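All chains, full assembly: derive it from the sequences and hints.
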Amino acid sequence: MLDATDKLVLKEVAGLEDIPKGAYNIRKNGKLLGREVSANINIESNEKGDGIIIDIKPGTKNESVHIPVILSQAGLHDVVYNTFIVGENADVTIIAGCGIHCGGKESEGHSGIHEFKIKAGAKVKYVEKHIALGKGTGRRILNPTTKVFMEKNSQIEMELTQLGGVDEARRVNDAVVGEGATLIITERVMTDGDQIADSKNEIELAGTGSKANIVARSVIKGNSSQDFFVNLTAKAKCYGHIECDAIIMDNGINQTVPALRALHPDAELTHEASIGKIANDQLMKLMSLGLDYDAAVNRIIQGFLR
Amino acid sequence: MLQLQNVTFKVPDSDVKTKLPLQKTIVNDVSFTFERGGFYAITGPNGSGKTSLAKLIMGINELSSGKIVFDGQDISPLSIHERSNAGIVYGFQHPARFKGTTFRDLLSIAAGTDDEETLARIIARVGVCSMSFLDKPVDSKLSGGEIKKIELATVIARNPKVAIYDEPDTGIDLWTIGPMVELLKREQKEHNTTTIVVSHNKAFLEAADTLLLVRKGRIAYSGDLKGAMPMLEDLSVCTFNEPCQGENDARCYR
Ligand SMILES: Nc1ncnc2c1ncn2[C@@H]1O[C@H](COP(=O)(O)OP(=O)(O)O)[C@@H](O)[C@H]1O
Ligand SMILES: [Mg+2]
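Quick mapping for you: the protein sequence lines, in order, are chains A and B. Taking my numbering, the leading residue of the first sequence gets 1, the next gets one more, and so forth. Taking my numbering, the leading residue of the second sequence gets 1001, the next gets one more, and so forth.
One or more of the hints may lead you astray.
Covered stretches of chain B (chain A as the covering partner; in silico rule of three or more C-beta atoms under 8 Å from a C-beta of chain A) [claimed, not checked]:
#, region
1, 1010-1024
2, 1075-1086
With a Cα cut of at most 35 Å, we get these calculated DSBU-like pairs of lysine-lysine [stated by the list, open to error]:
#, chain 1, residue 1, chain 2, residue 2
3, A, 221, B, 1136
4, B, 1141, A, 237
5, A, 221, B, 1141
These are computed hints drawn from the structure, not numbers from a lab. Just so it is clear, the structure is predicted and the values come from calculations on it, not from any experiment. Cβ coordinates follow ideal geometry from the N, Cα and C atoms, glycine included.
The structure is reproduced here in structure tokens:
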């Protein structure tokens, strides 16, 4: 069922050697390639037929669901709307991700719109990797959107990674964080050549005692460009932090715009942001431990994107 | 074995009044030979050029003139990593802080392996930092003392022929200074490491066979601690020599 290219892509985006255990839904070139549900995790197509609904029963523990997307058809621009309903007190890992394998001259793209309804007390780890492979010259475009609604005392940790090959990425992350809920987003993006990536984040700390920590790490090589915007709006007594760092190599350019808005007197919001070349003292240190310049640069970037 | 021959380090500067470009001499025509397996302490006032001298040896600062010869080879043209691979390692006064890079990463680079047992052995040998440090990012969250311990461990992990420690005791608690001195002495004895410690700490000055006193970019004295005492006392009398107009005018209460 999986050809060699599919396997390669699955390995890159989802760490899968083969069909995963537990619940999964594999989409290839706009069509369903395979689906499995479990006793606690149901997956079905939505009414319009343009996406899936993943329904996780309350109290589900230590289960995971894989929903990778493979794109290898020139000229295809796939749009999909997925909804995740995570039941009360569930504790699950969702592994998403899209891999484009481009063999031709035509562009290929995927836009995944993911909506999360996280019920009270539920805990989610969401891992999303994007990659583009193949020798084709067509533009590879990935425009992911996540919309997160968090109920009381819920928690989500989102790891969003794009480490190579994607020519154009426009990301939107929206989240509304309820009472006592915690949102953690870590975004890692590396671009090269003429690639562009931008990320727009609208985070609303809506409930008392809500928390958000937004971390962005960007490495901008070649002539590529990356922009990162985040609006962190506090409407209750809450705690929010933004940390965004960009390392520019070669002729890369970057805009980083962290904005804090406290619409409640007890909000505590902080941010740190930096844009610059690899720090000289870091390079000197690694070189004094015996690494040549290029190896030192590599190690610093590796650590930075970890 | 490590010879400094008329080593000079100048940096661009400008005249305060005329704004004309000038050169400022930071290390001024220093010649000295460090013998294999010796324990040296370098001391001197802030800004006298100790760190600059150490960085010249490591290749971090570029020589303006002069020569550095190591085991008979002129290493002046060698880059930092080449000098490191030749056996010279410098522990920074202000160690770099990273994002993401952990103590384990630095130690593995230094040791040339990420083998868990080897790393554990190095940590046991260093003694001053615990295994629980291993997966800590070497970032701005570390305390001043913690990062200095990590810095020290990465130097020792390389089994250097020449180890230069730049103020290793900064931020280190009182109870760790003694063991740190013992550690460097043990390394010196067991591995015949030429040990150079930049410090103001009496414990290191006493541990050294030879003391170098640096003033205004020159070696003002080299020899044993006893011989240096008059000069050290002289330096410690008053650190506001220049701005101070003298005891009577400034009503000095020292
Ligand atoms: N690259 C440089 N450019 C300009 N000034 C420098 C540079 N490096 C060192 N200095 C100056 O040289 C002097 C000696 O510095 P340093 O070697 O760090 O002294 P020490 O370690 O003895 O306290 C200081 O005044 C310092 O500001
Ligand atoms: Mg210094």
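To see whether the hints hold, each was checked on the structure:
For the region 1010-1024 of chain B, the stated coverage by chain A is not satisfied: 0 residues place a CB nearer than 8 Å to a CB of that chain, which falls below the threshold of 3. With 5 residues having a Cβ less than 8 Å from any Cβ of chain A, the region 1075-1086 of chain B passes the three-residue criterion, so the hint holds. Proposed proximity of residue 221 of chain A and residue 1136 of chain B is supported: the alpha carbons are some 28 Å apart, at most 35 Å. Restraint check for residue 1141 of chain B and residue 237 of chain A: the C-alpha separation of about 26 Å stays at or below 35 Å, so the hint holds.
Under the criterion of a C-alpha separation no larger than 35 Å, the hint pairing residue 221 of chain A with residue 1141 of chain B is consistent with the structure, at around 28 Å.
When held up to the earlier numbered hints, the structure conflicts with hint 1 and nothing else.
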